[in-house]
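A.B. asks: Can you make the complete structure from the sequences, with help from the hints?
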Amino acid sequence: MDLTERKLKILQAIIRDFVSTAEPVGSRTLSRNHDLGVSAATIRNEMSDLEEMGYLTHPHTSAGRMPSEKAYRLYVDNIMQQSELSQQQKEMISTKLDANIHELSRTLEHAANLLSDITSLTSFAMMPDKEQERLKYIKIIKIDPKAVLLMIVSESGSVTNQVLRLRGEPDEDSLRLLSKTMTYSYQGKTINEALTADIRNDVLHDAGLLQKYAEDIRPRFFQTLEDMLNVNMYMEGLSNIFSLPEYSDVGKARNFMELLEKKDDFARKIIDRDDGLMITIGNENNDENMNDCSVITATYHINGKLVGKLGVIGPTRMRYSHITSVIEYLTENISDAFKITGGNDEDDDA
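Take the sequence shown: its position 268, counting from 1, is numbered 267 in our numbering, and each next residue is one higher.
Derived from the structure by calculation, the hints contain no laboratory data. Heads up, some of the hints might be wrong.
[Said to hold, decoys possible] Keeping only pairs whose Cα atoms sit at most 27 Å apart, straight-line, the calculated BS3-like set for lysine-lysine is:
{"no.": "1", "residue 1": "K69", "residue 2": "K8"}
{"no.": "2", "residue 1": "K141", "residue 2": "K179"}
{"no.": "3", "residue 1": "K69", "residue 2": "K251"}
{"no.": "4", "residue 1": "K251", "residue 2": "K261"}
{"no.": "5", "residue 1": "K251", "residue 2": "K262"}
{"no.": "6", "residue 1": "K141", "residue 2": "K69"}
{"no.": "7", "residue 1": "K179", "residue 2": "K145"}
{"no.": "8", "residue 1": "K6", "residue 2": "K69"}
{"no.": "9", "residue 1": "K251", "residue 2": "K268"}
{"no.": "10", "residue 1": "K69", "residue 2": "K268"}
[What the hints assert, rightly or not] Now the in silico label distances, taken between C-beta atoms and shown as ranges:
{"no.": "11", "residue 1": "N44", "residue 2": "E283", "range": "26 to 32 Å"}
{"no.": "12", "residue 1": "L2", "residue 2": "P58", "range": "27 to 33 Å"}
{"no.": "13", "residue 1": "V162", "residue 2": "N285", "range": "42 to 48 Å"}
{"no.": "14", "residue 1": "L276", "residue 2": "P144", "range": "40 to 46 Å"}
{"no.": "15", "residue 1": "M256", "residue 2": "S47", "range": "33 to 39 Å"}
{"no.": "16", "residue 1": "K188", "residue 2": "K145", "range": "26 to 32 Å"}
Here the structure is a predicted model, which is why all the values come from computation and not from measurement. For each residue, glycine too, the CB sits at the ideal point set by N, CA and C.
C.D. replies: Right, here's the structure in full:
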């Protein structure tokens, strides 16, 4: 049996209505709400054919039909036309994102929040692989008589700040020289390399200036590096699922929450996904806990290098066209912003 143009038109109408209402769609509803050019009886016959072909399912409690995973895949691959965001939507996203482009981690956290607000789904943003992150420079800035700001900047543009309280009162010239010494020692090294015992001892032995503040600065500096390895995913909108009819069942909602609460496992699944825009639907996720979900991800770049992913997870009934447009626009904004920010050299004070 072939998928004729009429069948495709009817299937597209069913998907559109079901995504909008979450209610099974009947032939009379389609005939009334869409100009399909055929009678309700003809639509009913075509729907029966589509069900036989595996594109529709028939809930026992309703006379209407629902799209299957096969239908969503056909829609995404062959029918969907990516929606164009309005100029107002683009300006809103750009303005809110630009206001938070200070460092990569904060920008990604805000991007995940924006994505969740716009889509009403659970969103996530993956940081770059920290194990391969290379340090660019280190600055120690005096912010009050007995406190300094430790700033660690990576080659990807990621910035980590830590306020350190000291027992003594450091002078700014010493801190500036200490910043230069540490930058010289660690520049170009991965975080793991910086955490090795040999490098720790060599730097502290050679930089006699560290000895004055060693008890305060040394443990916090290396602890900050270790903490940088642990931050790899931001997630927003976990509670959004409770407003979706798919998760009105308490058991189903609990399974979804447990899936996302195991953040390390979920992060590994996202890391393993292909780069670029990727949409997986239901059983395509190869994880029984995600068999009722769709996941959409897109990759962002830092100076042309693929480094992380931004995306959403939710029921298979989602607005694929709109969501992909939002995700791609966000990743483009992040990539453009850090093509510049991530590429700036540190000033002469480092």
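A.B. asks: For K251 and K262, compute the direct alpha-carbon distance and say whether it is at most 27 Å.
C.D. replies: Distance ~18 Å between K251 and K262 Cα, so the pair holds.
A.B. asks: Does K69 pair with K8 here, judged by a C-alpha cut-off of 27 Å?
C.D. replies: Within the cut-off at roughly 16 Å; holds.
A.B. asks: Under the criterion that the straight-line Cα-Cα distance not exceed 27 Å, is the pair K179, K145 satisfied?
C.D. replies: Roughly 21 Å between the alpha carbons, so the hint for K179 and K145 holds.
A.B. asks: Run the distance test for K69 versus K268: straight-line Cα separation, threshold 27 Å.
C.D. replies: Holds - the C-alpha atoms of K268 and K69 are around 22 Å apart, at most 27 Å.
A.B. asks: Quick check on a hinted range of 33 to 39 Å for M256 and S47, using CB atoms only.
C.D. replies: Once the Cβ atoms are compared, 38 Å apart, the range 33 to 39 Å for S47 and M256 holds.
A.B. asks: Could one say that the CB atoms of L276 and P144 fall in the range 40 to 46 Å?
C.D. replies: Violated, since L276 and P144 (Cβ atoms, about 52 Å apart) do not stay within the stated range.
A.B. asks: Holds or violated: K251 and K268, Cα atoms, limit 27 Å.
C.D. replies: holds, 20 Å
A.B. asks: Is the distance from the Cβ of K188 to the Cβ of K145 consistent with 26 to 32 Å?
C.D. replies: 30 Å Cβ-Cβ, so the 26 to 32 Å window holds.
A.B. asks: Between K69 and K251, is the straight-line Cα distance small enough, at 27 Å or below?
C.D. replies: holds, 22 Å
A.B. asks: Can you confirm whether the C-alpha distance between K6 and K69 stays at or below 27 Å?
C.D. replies: Holds - the C-alpha atoms of K69 and K6 are around 14 Å apart, at most 27 Å.
A.B. asks: Okay, V162 versus N285 on CB: inside 42 to 48 Å?
C.D. replies: holds, 44 Å
A.B. asks: Hinted pair, alpha-carbon criterion (27 Å max): K141, K69. Please report holds or violated.
C.D. replies: Violated, because 60 Å separates the two Cα atoms, which is more than 27 Å.
Taken one by one, the earlier hints fail for this structure at numbers 6, 12 and 14, listed in ascending order.
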